[in-house]
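First to last, the protein sequences are chains Z and S. The numbering of the first sequence is our numbering, which starts it at 50 and goes up by one. The numbering of the second sequence is our numbering, which starts it at 1158 and goes up by one.
Do not take every clue at face value.
[Stated by the list, open to error] Simulated restraints on C-beta separations:
{"hint": "1", "chain 1": "S", "residue 1": "Asn1202", "chain 2": "Z", "residue 2": "Asp756", "range": "44 to 50 Å"}
{"hint": "2", "chain 1": "Z", "residue 1": "Arg660", "chain 2": "S", "residue 2": "Val1250", "range": "53 to 59 Å"}
{"hint": "3", "chain 1": "Z", "residue 1": "Lys819", "chain 2": "S", "residue 2": "Asp1245", "range": "23 to 29 Å"}
{"hint": "4", "chain 1": "S", "residue 1": "Arg1251", "chain 2": "Z", "residue 2": "Pro785", "range": "41 to 47 Å"}
{"hint": "5", "chain 1": "S", "residue 1": "Ala1172", "chain 2": "Z", "residue 2": "Glu657", "range": "57 to 63 Å"}
Everything labelled a hint here was simulated from the structure, so no lab data went into it. Since the model is a prediction, treat every value here as computed from it, not as a measurement. Where a beta carbon is used, it is the ideal one built from N, C-alpha and C, also for glycine.
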Amino acid sequence: MGRGWSQQKRERTAVVFTAVLVCVAYFVGSRVGDALRFMPLITSVMWPPNAILTATLLLAPPRRWWIYILAVFPAHYFGQPADRGLLLVLLLFLTNWSEALIAAISVRAFSGSPTRFDTLRRMAGFIAGAVVLAPFLSSFADAAVVSLFRGEPYGMVWRVRFFSNVLTELALVPAILLAITRGPAWFRSALPRRRLEAVAVMVAPVFVWSVIFESMDGWHAFRASPALPLAFLLPSLLWSAVRFGTGGTSLSLLVTIILATSATAQGRGPLTTVPGEGILGLQIFLTLVGIPLMCLAAVIEERGQAQEAVREQLRFEQLLARLSSSFVHLPGEALQEASETWAGRLGESLRLDEVALHRLSRNPLDFVVVSAWTAPGLPPRPPCTSRDVPWIAEQLRNERVVAIERPEEMPAKAARDVETFRRKEIRSCLSLPLVSGGRLVGALTFITIRSERAWSQELVQRLELVGEVFANAFAQKEAQDALRASEVMKSAILGSLSSGVAVLDRDGRIVAVNDSWARLTPEWEAFGVQVEADDNHVSAAWTAGVDGVAAAREATVGIAAVLNGSRDSFAFEYAAGPPAAARWLALSAVPLKGPEGGAVVSHTDVTERKRAEMEAQRSRQELAHFTRVSTMGELTASLAHELNQPLTAILANAKAAQRFLDHTSPDLGEIREILSDIVDDDRRAGEVIQRLREFLRKGDADFSPLDMNGLLRDVVKLVASDAVIRNVTLALDLGPEATAVNGDRVQLQQLILNLLLNAMEAVAEASPEKRVVTIRSRIEERVVHLEVQDTGPGLQEGVADVIFEPFYTTKAAGMGMGLSIARSIVEAHGGKIRAANNAAGGASFHVVIPLVSATRT
Amino acid sequence: MSTGEATVFVVDDDASVRRGLERLLRSAGHQVATFASAREFLDRNLVAGPCCLVLDVRMPGVSGLELQEKLTALECDVPVIFITGNGDIPMVVRAMKAGAVDFLAKPFDDQELLDAVDQALGRTRPRRSGRDLH
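Generate coordinates for the entire structure from the input sequences, incorporating the hints supplied.
Right, dumping it as structure tokens:
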């Protein structure tokens, strides 16, 4: 409130001061007017007070007009000769200010800027309203008053008053207005040469009147044509019109009018034939010359302004072009320096005091200073932050342009902004939001401190173009930074991988590798392939393939398939380096999704995993062997029986033969039969031993085509005695078809043996006649189905899924490995095993193994 | 030497063992009849006169011990010599208690069997010759 109050007070003081000033000017004007009077006429040749009042009303806002009209009354009253009555004075005052009022109202109606005369249109408006219409109308009243009170002829009074007021308005009003509005600035900025010229153009009419016209009586030419001397007035007037615009012209005209009037009034000069008529002639002459002159000056000024505007625009466009070109391919790191340089250039070219460039940071969302420039001669200060000018920052965040000519223009809620402006002595400010791709990226701010600046729409539009350049540069920098960050992250990730990664283009050429690639490359060399960065991965692998490294050939085909899109991915493992298979590497290739195509190939050292796998394989084999041995332990009794049978037969036969030979006439035929039987039995015992040995053989898997039915029969023989001992009936139900599978004999025997022993165990508790184990085989859809069915108690509910897990057992003495091994054997043969209860009781184990023709060799 | 009319019956599921034992017993002068199973022996109904039975313990179907029990039940007092590939003590005890003459583990010495047969035949006193065993 305090600020508003003091401001109001200041304004009031200014009004009072102006009123006094106008009053004084009015008084002086009326004295001058009196001096330029042809006695006995009451009307002056020139009457400045009306023009002074007109100029005041054009300058002042209409709501204060009454103040100035009242203020000049004392001047009017005291300026009048003492012999005039109060009524006359009052009436004349009325006619005078009515003229000023008409002039001010009509000029304001014609022109948006009543104090400017820099276009032909404005000048025409001024001439029509203030110069012609106002004197024309007011002179009727004035002539009436004068003729009524003083008996002077109406027509002559009107005519004299009209022309004198036309001339006064024409010369004085622009002179006063321009002297007040533009004079001080002109004096400050004008060069000495120009000032000298101004003085010369003002002195020229004085020279004409005091030198030429004084001595013209002696000039023959003047006497021959009396109008010729008037031509001497034209050069200085035209000079001022061409060189000094409307302001200079009006002053020059004023000087000429004063000189001409005073000389003519004193009976000197070229227009002195009839005193009154000479003045009228002079008035008409000066009016006819003055109006076109003023128009000419306005046109020239308008042209000059247009030229200046074009030049200004050109200069700005050059600036903009240079700005754009220097920012268009600007690397991100150079943005800072370039923006500082350009903030300065913009500031200098636009005659500003400060230019600041802010970037909008994302987190937190705030404006951060990028660069700031301060005009030379001013102390550099830190640019405003969002906290200093919250209202402006808010406007910018909403992508609105903020143009402030005076701090007082800001709304009440911008109190903090106004406070900051006052503290920093900021007079005018223009802030532009920088928007790129529909996204706010920053702000560009122009500030004046030493003077106020009106931000014309044109200027704002131009500066918005500048803003666009900065906005694009910011957006580009952001994109570059983001790209660089993603590059850094990518290379950090790639660098941290222990796998060697290479990026291939669509032709298989290596375009990028990570550090691990270089480390793994020696492995490749050992493997027979030499792949360096920039090499063609596919052709290198192919070359190695041609040279006989089978894995390289496989890699070639696989990678090429990924590159041409026929495969989604490719992976395989290979051994590398001497000694053979010292290292294991896994290769994988995946396509690069994108228009360019290509693939990412990685090599991973999987030696440790491979070793562990092989270790596990060995452990499995050892465990399998151990269980075979222990299985044999279970079969000892029946094996003993198996061997005892032929041995018993052999011994009995041999002893019988001995006895027969002791007889007197031994039957040699019988002896021959005996020996034949002994040989058979011996062979039979040998077979048992052979089967046993095979079964207990220790070693790696050896896959070869086998007849499944033959295997089943062998194993059944192995457990036949056991079945007899346990009183279990083994029923074979083998399909008639050939059952060739690719497998390891020992493993498959173990599988069948485990299933048979398991089944025989299951039926142990049943009554002897119900102890039946049925072994079936059949072929269906290129697989062999084996089934071992028992008549035992069946599986408990939920057990079917877990019985194949290691160490699952229901037997007191069992290890729980039998079925687990059975499953791993089946899976190693590419088959499946499952267990289920039979509808009629007991359980069935079902094994499926692919036929040899159906498996990969 | 053995008496001419005495017969040694051999019951064993293994053909070659049967043939070997038959030859051995024949070489010692015994009259021999062989059977592949207990059922076959029972079906033939031959127990008459001096005779003895050489019986395999484990056989599919009716085992040796079961046959012995059946004969006892039929009051057929034929002396029995058990032969087995893998006899255990409970089995031997059971057989001997049931009146077995001897229990021989395969492979056995020829003399052992012949002695056992002689012993058995010397003891043979069929209560009812020609009796239908069924």
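Cross-check of the supplied hints:
1. S:Asn1202 - Z:Asp756: 44 to 50 Å: For Z:Asp756 against S:Asn1202, whose Cβ atoms are near 45 Å apart, the range 44 to 50 Å holds.
2. Z:Arg660 - S:Val1250: 53 to 59 Å: 58 Å, holds
3. Z:Lys819 - S:Asp1245: 23 to 29 Å: With a Cβ separation near 24 Å, Z:Lys819 and S:Asp1245 satisfy 23 to 29 Å, so the hint holds.
4. S:Arg1251 - Z:Pro785: 41 to 47 Å: 45 Å, holds
5. S:Ala1172 - Z:Glu657: 57 to 63 Å: 60 Å, holds
Consistency note: the structure conflicts with none of the earlier hints.
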